[in-house]
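Colleague: Please work from the sequences and hints to get the whole structure.
Chains as they are written, first to last, in the numbering used here: chain A, 1 to 77; chain B, 1 to 161; chain C, 1 to 86.
Quick caveat, the hints were computed from the structure, so don't treat them as lab data. Note that beta-carbon positions come from the ideal geometry of N, C-alpha and C, so glycine has one too. There's no promise every hint is true.
What the hints assert, rightly or not - Label-pair ranges, simulated between beta-carbon atoms: (1) Leu9/B x Met69/A: 23 to 31 Å; (2) Gln122/B x His52/C: 35 to 43 Å; (3) Leu58/A x His52/C: 12 to 20 Å.
As the list claims (entries may be wrong) - Below, computed lysine-lysine pairings styled on BS3-like, alpha-carbon distance capped at 30 Å: (4) Lys27/B x Lys158/B; (5) Lys30/C x Lys27/B; (6) Lys29/A x Lys30/C; (7) Lys47/B x Lys30/C; (8) Lys47/B x Lys29/A; (9) Lys27/B x Lys47/B; (10) Lys30/C x Lys158/B; (11) Lys47/B x Lys158/B.
Okay, here's what each chain looks like letter by letter:
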Amino acid sequence: MNEVVTAGCALLVLFGTTLTICERNAFDKLISLSVLVAGVIPFIVARGYLDIATATALIAPLSTIFTLMVLFRRQER
Amino acid sequence: MPEDLLRILVAAAVCWANFMAFDLFWKLPLEGGVSGATAIAHEVERKGGALHGGFMMGNIVSSPDASAGTLLAACGVFIAGIPGGLLAAMCVYVGNRICHDPGYAGTTGCIAATFIIYGLCQVGFVATDFIAGMVIAILTIQGVSAVHASRLIERLWKWRS
Amino acid sequence: MSPDELAVTICIVIAVYSAVRIALERNTLKKLPFLNVVSFAVTGVIAIILPHPLTILAAAAYFVGSTLESNAIASTIAGGPEEKDE
Numbered sequence: 001m002n003e004v005v006t007a008g009c010a011l012l013v014l015f016g017t018t019l020t021i022c023e024r025n026a027f028d029k030l031i032s033l034s035v036l037v038a039g040v041i042p043f044i045v046a047r048g049y050l051d052i053a054t055a056t057a058l059i060a061p062l063s064t065i066f067t068l069m070v071l072f073r074r075q076e077r
Numbered sequence: 001m002p003e004d005l006l007r008i009l010v011a012a013a014v015c016w017a018n019f020m021a022f023d024l025f026w027k028l029p030l031e032g033g034v035s036g037a038t039a040i041a042h043e044v045e046r047k048g049g050a051l052h053g054g055f056m057m058g059n060i061v062s063s064p065d066a067s068a069g070t071l072l073a074a075c076g077v078f079i080a081g082i083p084g085g086l087l088a089a090m091c092v093y094v095g096n097r098i099c100h101d102p103g104y105a106g107t108t109g110c111i112a113a114t115f116i117i118y119g120l121c122q123v124g125f126v127a128t129d130f131i132a133g134m135v136i137a138i139l140t141i142q143g144v145s146a147v148h149a150s151r152l153i154e155r156l157w158k159w160r161s
Numbered sequence: 001m002s003p004d005e006l007a008v009t010i011c012i013v014i015a016v017y018s019a020v021r022i023a024l025e026r027n028t029l030k031k032l033p034f035l036n037v038v039s040f041a042v043t044g045v046i047a048i049i050l051p052h053p054l055t056i057l058a059a060a061a062y063f064v065g066s067t068l069e070s071n072a073i074a075s076t077i078a079g080g081p082e083e084k085d086e
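Modeller: In structure tokens form, the structure reads like this:
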């Protein structure tokens with residue numbers, strides 16, 4: 001993992017965090033959160049923890065889906 | 001360095017031709033597979049794009065199709081040769097089933113891309129060229145201009161049907 | 001610069017470009033294609049920085065998970081999750 005990749009992944013994490021804080025729509029916040037996860041996973045893989053990377057990659061979308069269920073119920077009301 | 005860039009551009013053209021051929025063969029631009037794909041298509045059309053191109057963009061977003069198959073086949077061939085590509089094809093099939101898709105386009109595209117990439121690696125290409133090439137190819141479809149990309153797909157779709 | 005480094009640099013540059021496009025796009029549904037480009041690029045980066053047989057599984061799991069997430073978000077915006085649940 002060279003310096004360009006480290007800087008790029010750090011930029012992805014920073015963009016994801018800033019957008020998650022600043023966006024107003026809840027769906028936009030969820031999309032920004034998945035940009036954040038996209039930036040984090042290469043850091044985990046670069047250390048060699050492939051099992052943790054697989055688990056993170058599966059848990060993050062599942063938590064998004066549960067959040068979406070709550071959002072949908074609130075929209076209905 | 002210049003010949004590396006040239007190889008990546010040629011690999012991008014090969015990947016683009018491969019995934020577009022398989023997506024058109026399995027009729028992805030015909031209709032949206034799930035309701036989210038249809039919503040994306042209507043959004044693209046409302047902004048001035050073409051409807052069938054929008055359907056294909058929505059289908060690429062909402063289930064792993066031949067473009068995902070080509071990318072994972074390139075990763076598999078880079079790591080483990082032909083067996084890696086076939087393992088990647090199995091992963092694409094499982095992912096397709098999770099996303100409520102029949103999975104023909106992704107699996108056949110992945111298997112074909114495995115053999116194309118392995119063959120081209122014997123004549124001077126490197127497998128990482130195809131990973132970068134596939135990322136460039138998906139950038140031209142999804143990431144530059146939705147209006148122009150959907151019109152281009154619409155033209156290819158009319159020519160096929 | 002070796003071919004591996006050139007390829008991984010191209011992938012990460014495209015990922016950052018797509019993240020900027022996500023920040024600039026105002027429509028929620030039109031952000032999803034750019035998110036798809038980010039997950040393609042990150043899958044490529046994962047595969048290049050650690051060549052190991054398990055990496056294929058990790059990359060495929062990341063890609064399928066990200067696709068499922070986009071699918072769920074788009075379907076919820078389009079009218080609720082009851083069509084995609086069986």
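Colleague: Confirm or reject each hint.
Modeller: Status of each hint after checking the structure:
1. Against the hinted window of 23 to 31 Å, the Cβ-Cβ separation of Leu9/B and Met69/A comes to about 44 Å, which falls outside the hint.
2. Distance hint check for Gln122/B and His52/C: the Cβ-Cβ separation is about 23 Å, which falls outside the suggested range of 35 to 43 Å.
3. Between Leu58/A and His52/C the C-beta distance comes to about 18 Å, which sits within the given range of 12 to 20 Å.
4. Restraint check for Lys27/B and Lys158/B: satisfied, since their Cα atoms lie roughly 11 Å apart, inside the 30 Å limit.
5. A hinted pair counts as satisfied when its Cα atoms are at most 30 Å apart, and Lys30/C with Lys27/B qualifies at roughly 23 Å.
6. Of the supplied pair hints, the one linking Lys29/A and Lys30/C holds, its CA atoms being roughly 14 Å apart against a limit of 30 Å.
7. Pair hint Lys47/B plus Lys30/C holds up; C-alpha atoms about 10 Å apart against a cutoff of 30 Å.
8. This hinted pair checks out: Lys47/B and Lys29/A have alpha carbons roughly 23 Å apart, not beyond 30 Å.
9. Proposed proximity of Lys27/B and Lys47/B is supported: the alpha carbons are some 24 Å apart, at most 30 Å.
10. About 24 Å separates the Cα atoms of Lys30/C and Lys158/B, which keeps this hinted pair within 30 Å; it holds.
11. The straight-line distance between the Cα atoms of Lys47/B and Lys158/B is roughly 21 Å, inside the 30 Å bound, and the hint therefore holds.
Violation of the numbered hints given earlier is confined to hints 1 and 2; the remaining hints are satisfied by the structure.
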